[in-house]
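> Knowing the structure of chain X, use the given hints to seat chains A and E on it.
The listed protein sequences correspond, in order, to chains X, A and E.
Using the numbering used here, read the first sequence as starting at 1 and increasing by one per residue.
Using the numbering used here, read the second sequence as starting at 1 and increasing by one per residue.
Using the numbering used here, read the third sequence as starting at 1 and increasing by one per residue.
Heads up, a few of these hints could be off.
[To be verified] Across the chosen pairs, the derived CB separations fall in these ranges: (1) 155(X) x 408(A): 38 to 44 Å; (2) 26(X) x 469(A): 48 to 54 Å; (3) 360(A) x 262(E): 35 to 41 Å.
[Stated by the list, open to error] Some chain X residues well away from chain A (every beta-carbon gap over 10 Å; in silico): (4) 11; (5) 12; (6) 21; (7) 26; (8) 28; (9) 62; (10) 69; (11) 74; (12) 76; (13) 128; (14) 133; (15) 165; (16) 206.
[Said to hold, decoys possible] Derived coverage of chain E by chain X (criterion: at least 3 residues anywhere in the stretch with Cβ under 8 Å from a Cβ of chain X; other residues may be distant): (17) 60-72; (18) 150-161; (19) 253-259; (20) 269-283.
Please keep in mind that the hints were generated in silico from the structure rather than gathered at the bench.
Where is the CB? At the ideal position from N, CA and C, for every residue including glycine.
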Amino acid sequence: MLRFIFKRLLLGIPTLFAVLTIIFLLMRVAPGDPAYAVLGDYATDDAVAALRTQMGLDKPVWQQYLDYLGGILQGDLGDSLVTRQPAWIQIRTVLPYTLELTAAAIVIALAIGIPAGMLSAVRRNTFVDYFVRVISLAGLSAPAFYIGLLLMYFLSAKAGWFPAISTAGFDDPLENLHALVLPAITLGLVETAYVTRMTRSVMLNVLSDDYVRTARAKGLPSRMVMVRHALRPGLVPIVALTGVFVIGLIGGSVLTEEVFARPGLGKLMVGATTRRDYTLLQAIMVVYALIIVLVNILVDIIYTLVDPRMRKR
Amino acid sequence: MTHRRTRTISFLSVILLALTAIGPLFGSVSAQDDRPVLVHATNSGDKATFDPHLASGTQDRTVVDMVFNGLLRFKPGDASVIEADLATEVPEPVAEADGTQSWTFALRTDATCHASSATEAYPLTADDVVFSLQKSANSDTSGVAGDYAGFEFVKVDDATVKVVVPTPLGPAVFLPKFANYGGGYIICQQAYEALGADGFANEPIGTGPFKFSSYTPQTSTTLVANDDYFRGAPKLGGVEVRYIADNTARDLGLESGELDVINGLPEAQYVERINQAGNQIADVFGVGEAVWLNLDITNEYLQDPLVREAIILAVSRENHLALAGEPVAQGIFSIVPTGIVPGALTQEEAQAAEVDFSQDIERANELMAEAGYADGFSLTLVTSEQAAYQTQYTVLQEELAQIGIDVELEVVQHAVMHEQIRAGSNAITIYIAYRPSADTYLTQFFTSTGGSTNFSQFQLDDQVAAARAETDAEAQIEAWQQLNIEILQNFAGFGLLYTNQVYVRQPNVDYGHELISVPQLYPGYNETTTITE
Amino acid sequence: MTATPSVTMAPTAPIAVISERRRAWRAFARNRSAVVGLMLVILIILVAVFAPVLAPHNPLTQSVPNRLEGPSRDYLLGRDAYGRDVLSRIIYGTRIALQVGIFSVLLGGFAGTAIGVVAGYFGGKTEAVLMRLVDVLLAFPDLIMGLLVMAVLGPGLGKLILAIAFTMIPRFARIAYGQTLVLKEREFVEASHALGQRTGVILYRHIAPNIAGELVVLASLWTASAIRLEASLSFIGLGVPPPTPTWGQMIREGTVYLSSLPLLSLAPGVALLLTVFAFNLVGDGLRDVLDPRSGK
Numbered sequence: 001m002l003r004f005i006f007k008r009l010l011l012g013i014p015t016l017f018a019v020l021t022i023i024f025l026l027m028r029v030a031p032g033d034p035a036y037a038v039l040g041d042y043a044t045d046d047a048v049a050a051l052r053t054q055m056g057l058d059k060p061v062w063q064q065y066l067d068y069l070g071g072i073l074q075g076d077l078g079d080s081l082v083t084r085q086p087a088w089i090q091i092r093t094v095l096p097y098t099l100e101l102t103a104a105a106i107v108i109a110l111a112i113g114i115p116a117g118m119l120s121a122v123r124r125n126t127f128v129d130y131f132v133r134v135i136s137l138a139g140l141s142a143p144a145f146y147i148g149l150l151l152m153y154f155l156s157a158k159a160g161w162f163p164a165i166s167t168a169g170f171d172d173p174l175e176n177l178h179a180l181v182l183p184a185i186t187l188g189l190v191e192t193a194y195v196t197r198m199t200r201s202v203m204l205n206v207l208s209d210d211y212v213r214t215a216r217a218k219g220l221p222s223r224m225v226m227v228r229h230a231l232r233p234g235l236v237p238i239v240a241l242t243g244v245f246v247i248g249l250i251g252g253s254v255l256t257e258e259v260f261a262r263p264g265l266g267k268l269m270v271g272a273t274t275r276r277d278y279t280l281l282q283a284i285m286v287v288y289a290l291i292i293v294l295v296n297i298l299v300d301i302i303y304t305l306v307d308p309r310m311r312k313r
Numbered sequence: 001m002t003h004r005r006t007r008t009i010s011f012l013s014v015i016l017l018a019l020t021a022i023g024p025l026f027g028s029v030s031a032q033d034d035r036p037v038l039v040h041a042t043n044s045g046d047k048a049t050f051d052p053h054l055a056s057g058t059q060d061r062t063v064v065d066m067v068f069n070g071l072l073r074f075k076p077g078d079a080s081v082i083e084a085d086l087a088t089e090v091p092e093p094v095a096e097a098d099g100t101q102s103w104t105f106a107l108r109t110d111a112t113c114h115a116s117s118a119t120e121a122y123p124l125t126a127d128d129v130v131f132s133l134q135k136s137a138n139s140d141t142s143g144v145a146g147d148y149a150g151f152e153f154v155k156v157d158d159a160t161v162k163v164v165v166p167t168p169l170g171p172a173v174f175l176p177k178f179a180n181y182g183g184g185y186i187i188c189q190q191a192y193e194a195l196g197a198d199g200f201a202n203e204p205i206g207t208g209p210f211k212f213s214s215y216t217p218q219t220s221t222t223l224v225a226n227d228d229y230f231r232g233a234p235k236l237g238g239v240e241v242r243y244i245a246d247n248t249a250r251d252l253g254l255e256s257g258e259l260d261v262i263n264g265l266p267e268a269q270y271v272e273r274i275n276q277a278g279n280q281i282a283d284v285f286g287v288g289e290a291v292w293l294n295l296d297i298t299n300e301y302l303q304d305p306l307v308r309e310a311i312i313l314a315v316s317r318e319n320h321l322a323l324a325g326e327p328v329a330q331g332i333f334s335i336v337p338t339g340i341v342p343g344a345l346t347q348e349e350a351q352a353a354e355v356d357f358s359q360d361i362e363r364a365n366e367l368m369a370e371a372g373y374a375d376g377f378s379l380t381l382v383t384s385e386q387a388a389y390q391t392q393y394t395v396l397q398e399e400l401a402q403i404g405i406d407v408e409l410e411v412v413q414h415a416v417m418h419e420q421i422r423a424g425s426n427a428i429t430i431y432i433a434y435r436p437s438a439d440t441y442l443t444q445f446f447t448s449t450g451g452s453t454n455f456s457q458f459q460l461d462d463q464v465a466a467a468r469a470e471t472d473a474e475a476q477i478e479a480w481q482q483l484n485i486e487i488l489q490n491f492a493g494f495g496l497l498y499t500n501q502v503y504v505r506q507p508n509v510d511y512g513h514e515l516i517s518v519p520q521l522y523p524g525y526n527e528t529t530t531i532t533e
Numbered sequence: 001m002t003a004t005p006s007v008t009m010a011p012t013a014p015i016a017v018i019s020e021r022r023r024a025w026r027a028f029a030r031n032r033s034a035v036v037g038l039m040l041v042i043l044i045i046l047v048a049v050f051a052p053v054l055a056p057h058n059p060l061t062q063s064v065p066n067r068l069e070g071p072s073r074d075y076l077l078g079r080d081a082y083g084r085d086v087l088s089r090i091i092y093g094t095r096i097a098l099q100v101g102i103f104s105v106l107l108g109g110f111a112g113t114a115i116g117v118v119a120g121y122f123g124g125k126t127e128a129v130l131m132r133l134v135d136v137l138l139a140f141p142d143l144i145m146g147l148l149v150m151a152v153l154g155p156g157l158g159k160l161i162l163a164i165a166f167t168m169i170p171r172f173a174r175i176a177y178g179q180t181l182v183l184k185e186r187e188f189v190e191a192s193h194a195l196g197q198r199t200g201v202i203l204y205r206h207i208a209p210n211i212a213g214e215l216v217v218l219a220s221l222w223t224a225s226a227i228r229l230e231a232s233l234s235f236i237g238l239g240v241p242p243p244t245p246t247w248g249q250m251i252r253e254g255t256v257y258l259s260s261l262p263l264l265s266l267a268p269g270v271a272l273l274l275t276v277f278a279f280n281l282v283g284d285g286l287r288d289v290l291d292p293r294s295g296k
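This is chain X alone, in the form it adopts within the complex:
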């Protein structure tokens, strides 16, 4: 297993390298300059030139690139150009918010999606099935930022059930969880719909398989059949899907974080792009790409745990 993980990590390196290079080049090609982001209205010619020198932007691009790669190899992600803080510190502060949001969204997606999907499959072509299918399709169609706004408006502003701005720190876990509810629902909505539909179709496939039929014929109660025989093989694609989610969710968290004024990696990324904070954006992408590689490895491990057949590969 260790060798397998090591191999996967090695394979991730070229991808990481390509991502870094692409980001580096894209940001240099894009119009806009971090010096103007800092100085804004105060951007006189002198001030801009001086600040660019301070930021190291007056060096040739290839040299900036080499400096950057050299820094990464030494484990130094550099300082944010705009705030002059080590990029890692900024990332470290917001990362837990994104991770907890993502985790909560996945929990919601699995907790609602799997039972709903199973129900829909078992009650195929009944009203329940149609209802679940239409609702889940609607869930797929809803723009998350819009749902978030509605939830915030009705449930926190009008009803007062939840805080409107979810920046509660981690020193108060209860308050933190309280503030997490609406953003997690918002972010988890689309994923719940995916899981529901996935579970349904997987269950339908499995239910038509011979051995479930055999189990049923043997007179096993149908709930037992569902859980023992149908859900287990069905878990594999759902687990894989969960892995894909983590990736999609971290990206998708941008809008949720914007709407709920929540700190997070996605929001940091948007901020870095708008302010042309090259070094911060590059650092975020490193962390982000690492997460993706790790998640993919994790998914593979879970695959082998769930389905021993996969172990041979």
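Frame of chain X; chains A and E shown alone:
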């Protein structure tokens, strides 16, 4: 079977738990004090820099203003009065024999620099003041160096600093440069040297009523009371500045009581609605930020004065004004904003000089035809994504469509707009800014020393310099007014309006001063600000 | 995914194709929700085409002094922050939504399919390079990719379509690649190869039509996501420049007035939701027809 299933499920839950559990390790710590902490929400998503000589965003100025003092200060809540701050009194100019002019500041001796992570608290002296002013005047470390070009700062003794100005200046020009704004903020030398420029940008150390405590990216900056403040210990235990870019989120946070003061929507309808509902109080106050047009007189089309006149006649000040509505916005009748700084034109004065243009589409179309553009032409204009800019450009786009000018708007990020308009991308630049004096407006936007911010390319170098050197206050105002008239006569610029600040507070927030105008564009918190029970 | 698209099984037997198509159509027509979706899509297309006839006002005409007026007889959904008619802007917004959805998927679909088919068919180094590239593209979530591409290209309708097309490339490439791998081993492809048909002809005649079915289904589902992505990008301020009406931008501008004039953001949100929903219904229906196991 069952065993393995349990294992799988527990494996999944362990991962999820682990993800959530990392959280507390990074938790932030907030300040403890029995006095109330004021929670203020600004409309920007994050800070940029806390170096007061570089800070240009309102979110940063808000923090900087509470941490630092100037030698002088704008009277809290009323920017029209300048009073002593770190100095013991407002200085008088002295004409020197060599034609220069000097101003001597006597410093108070009870001002203390906050402790930093690298330095102890220590009394502020002339060394710090000279160091700070030199930093402000150095373009490597300051965004406002141009304001102090040629100035000399001399330490006379530990409690006296002399400023030598190459050419004499009137008080209206000189004094604001040393007040609590931009380059006038005095930083603590030892802390700056110990922390370095980058460190200082994240840990501002000054002498003000509040001390910097912590900054959490995208979330908040926490300030705590400086109990050794020379005007006495603050009534507030601290101020937390929250970064919330979304208007709706700020509104909701205020409604739910999570926030005490928020940056409101600068619109009259919004102010009215809040004040009618009565749960919170919306304040409208200055200083107003001027909104005006700069017409590039070197542009292919706009080099023809007929075209520029047509453009100005196509514009309806009322339209632009209606976006925010009175009293949030007020019309201005010259580039230097009417009613904000001396040297502007009132509507009557503009009428008398025949430069009070109002919308006349018919005449504008005639002018276009006369200039040979009966079929119009098209322009691409860059605008910031920020609502303040984008709405003004969108209205202008529709107005110009009526005289055959097809405007294609390119909405870019705010920083990109600032870069591109300075690179000369726009034939017509709408600019929004507050400057403390008519001289700063005219120098930055209508002389060659303004460099890339001379958007119109219309230059009044000698006249602006002459007006600056005028020491008779009344004659100086007249000279500035004359320059405004000249800009308008040449159709190089057109004043639209100024936008006031709108902040909404809980009724129990007491700023401790009246609210007429605050140059730092937030209500102004100091040792007298409090939250009543 | 691995189900064989039966519609295109027999590229050399036209009669069979027709009957297959008829069967597919019948299956589709039996799927009530898909039919509803198709009717909705047609309706939305009609709205886009006849926007000038349907819209009660010019969507661009401003009247700033009358801004933010609530609904009235003349202005059924009220006026926006510039005094423009909200209803007319929603109607015209249909055009942008459809243009972005359809063109970005077409563009990304062609590019992605080409990459996938070529990588799958040729294998070896071509495959390694192309699929690595696709992996790198996949590492960026849609919204981030859109954000980056828009930052480089700048604003504009064409550029927005291009940015969204970019996010579609890896999705199409992966599917096309997988399908091509399967098809490559199949007899009729191997046969044509043995007969000495040129590679281009094989790709175009045999591979492309046989993976088209699956791709069409996904295209309609991904048109839905493209429209959603456009709205999301507009919502964070990257999209079609003013004054062109787009739903995402209307929602963004409207949310500022959520408490006083909810219709401003609510109404375009409903239009957006309906449109995305309609495309999803159709895609879902098509998938059921092509892969009966997943549906019934």
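> Which of the numbered hints above does this structure break?
Going through the list in order, the structure violates hints 15 and 17 and respects the others.
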